[in-house]
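Visitor: All chains, full assembly: derive it from the sequences and hints.
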Amino acid sequence: QQPVQSPQAVILREGEDAVINCSSSKALYSVHWYRQKHGEAPVFLMILLKGGEQKGHDKISASFNEKKQQSSLYLTASQLSYSGTYFCGTEMETSYDKVIFGPGTSLSVIP
Amino acid sequence: EAEVAQSPRYKITEKSQAVAFWCDPISGHATLYWYRQILGQGPELLVQFQDESVVDDSQLPKDRFSAERLKGVDSTLKIQPAELGDSAMYLCASSFSGGESYEQYFGPGTRLTVT
Numbered sequence: 001q002q003p004v005q006s007p008q009a010v011i012l013r014e015g016e017d018a019v020i021n022c023s024s025s026k027a028l029y030s031v032h033w034y035r036q037k038h039g040e041a042p043v044f045l046m047i048l049l050k051g052g053e054q055k056g057h058d059k060i061s062a063s064f065n066e067k068k069q070q071s072s073l074y075l076t077a078s079q080l081s082y083s084g085t086y087f088c089g090t091e092m093e094t095s096y097d098k099v100i101f102g103p104g105t106s107l108s109v110i111p
Numbered sequence: 112e113a114e115v116a117q118s119p120r121y122k123i124t125e126k127s128q129a130v131a132f133w134c135d136p137i138s139g140h141a142t143l144y145w146y147r148q149i150l151g152q153g154p155e156l157l158v159q160f161q162d163e164s165v166v167d168d169s170q171l172p173k174d175r176f177s178a179e180r181l182k183g184v185d186s187t188l189k190i191q192p193a194e195l196g197d198s199a200m201y202l203c204a205s206s207f208s209g210g211e212s213y214e215q216y217f218g219p220g221t222r223l224t225v226t
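Chains as they are written, first to last, in our numbering: chain A, 1 to 111; chain B, 112 to 226.
It is possible that some hints are incorrect.
[Unchecked claim] With a cut-off of at most 35 Å between alpha-carbon atoms, the simulated DSBU-like pairs for lysine-lysine come out as follows:
1) B/126 to A/98
2) B/182 to A/37
3) A/98 to B/173
4) B/126 to B/189
5) A/98 to A/68
6) B/189 to A/37
7) A/98 to A/50
8) A/37 to B/173
9) A/26 to A/50
10) A/59 to A/98
11) A/26 to B/173
12) A/26 to B/189
13) A/98 to B/122
14) B/126 to A/37
15) A/50 to A/67
16) A/50 to A/37
17) B/182 to A/98
18) A/98 to B/189
19) A/37 to B/122
20) B/122 to B/173
21) A/26 to A/98
22) A/37 to A/68
23) B/122 to B/189
24) B/182 to A/50
[Said to hold, decoys possible] Just so you have them, the derived chain A footprint on chain B, three or more residues with Cβ under 8 Å:
25) 154 to 165
26) 218 to 226
Since the hints were derived computationally from the structure, they do not count as laboratory data.
Glycine included, each C-beta is placed from N, C-alpha and C at the ideal position.
Guide: See below:
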């Protein structure tokens, strides 16, 4: 039931773009995205709901392909502050409010 | 800004001892979650409360772990006896629950080391 994330890790230079993917074998109601910096708690980025629109704020956006049970997180013009581990969390149609987190994608932005 | 409170922040205990963690969610949040996070992995749900009721504890090792949220507000997670494999970060999160999907707010976590 745990979603699959790819890539496992990515290193970017400031200003470069990145895409992080999340996929599930189950029918999804929503996909959550969180970022966790080393030694800190996860921080919410956004939720994408089934039937909803692509979300985004600043230079981070995400999409949700309901037919494929896939979501992608897009980071454009990356900044040093984007470094951290990104987790997707999936919520199935059969269990609202229960979020299962993926293994995470480590993102490092270097000058 | 309201935050989820957890204590202690760090705990070192010997195996076979008992340990307890406390969480105070954001006021008004009906749903409370306890997660275990092993270094390099995503948070793993241990137990989920809706008010004072457990709605999911399928991944909670019930022979040694217990959790309660007696008045539907703060919550305690207990491990007895602790084992070496329990060393991890224990995260508490809360969310507003109203039939839709809401973001979870995480506390700072308790780092448990079992020796």
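Visitor: Of all the hints given earlier, name the ones this structure violates by number, lowest first.
Guide: none
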